[in-house]
Amino acid sequence: MKKLNLEEIDPDFLIADGADAIRNAFQDVFGEKTMVMCWAHMRRNVVKKIESMVKKSEQEDLVNDVESLQLAQDERIFIKASNLFVKKWSKKETNFIEYFQNEWLTTHNAWYEGVGHFTPSTNNALEATNNVIRKGKYTS
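Okay, so the sequence shown: first residue is 0 according to numbering that gives the first Met the number 0, each after it adds one.
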């Protein structure tokens, strides 16, 4: 960053897809900051797990409940709603709830709206820009 004369950059958070390499590099450069999980990536991963682990008759309701959790406007609401979500689904889908708690309520738990007010929920625009640059289609 110093070689690029960009030392004044001090982001408050990172929106990423959960890749450890990206998260680790960001922390190495900027220190401990909020790591927001891209909602599109999180949802895609969760839907795949639901389709592989959950009874077909329960899948749509479970996806709807995860989508409702994502709308939490602050940490207090997210924790309360997550507890209710776990209570509701742990009786029906034990294996999925174990996965969900480990992956999305513990390891990567910053994927709801209230994590970063006035910030994007996804990193889709950044990925699209990166794709254009990578393919050599960017001109200034």
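Keep in mind that a hint or two might mislead.
No farther apart than 25 angstroms at their CA atoms in a straight line, the calculated lysine-lysine pairs in the DSS-like style are these [to be verified]: (1) K32 x K55; (2) K87 x K48; (3) K32 x K79; (4) K79 x K48; (5) K47 x K90; (6) K90 x K54; (7) K79 x K134; (8) K87 x K32; (9) K54 x K32; (10) K86 x K54; (11) K86 x K134; (12) K54 x K91; (13) K47 x K87; (14) K90 x K32; (15) K90 x K79; (16) K91 x K48; (17) K91 x K32; (18) K91 x K79; (19) K87 x K55; (20) K48 x K86.
Just so you know, the hints here were simulated from the structure itself, not pulled from any lab data.
As the structure is a computational prediction, the values presented were derived from the model and not from experiment.
A quick look at each hint next to the structure:
no.	hint	result
1	K32 x K55	violated, 39 angstroms
2	K87 x K48	holds, 18 angstroms
3	K32 x K79	holds, 24 angstroms
4	K79 x K48	holds, 23 angstroms
5	K47 x K90	holds, 21 angstroms
6	K90 x K54	holds, 13 angstroms
7	K79 x K134	violated, 44 angstroms
8	K87 x K32	violated, 32 angstroms
9	K54 x K32	violated, 38 angstroms
10	K86 x K54	holds, 18 angstroms
11	K86 x K134	violated, 47 angstroms
12	K54 x K91	holds, 9 angstroms
13	K47 x K87	holds, 20 angstroms
14	K90 x K32	violated, 36 angstroms
15	K90 x K79	holds, 18 angstroms
16	K91 x K48	holds, 15 angstroms
17	K91 x K32	violated, 36 angstroms
18	K91 x K79	holds, 20 angstroms
19	K87 x K55	holds, 17 angstroms
20	K48 x K86	holds, 19 angstroms
Checked against the numbered hints above, the structure breaks hints 1, 7, 8, 9, 11, 14 and 17 and satisfies the rest.
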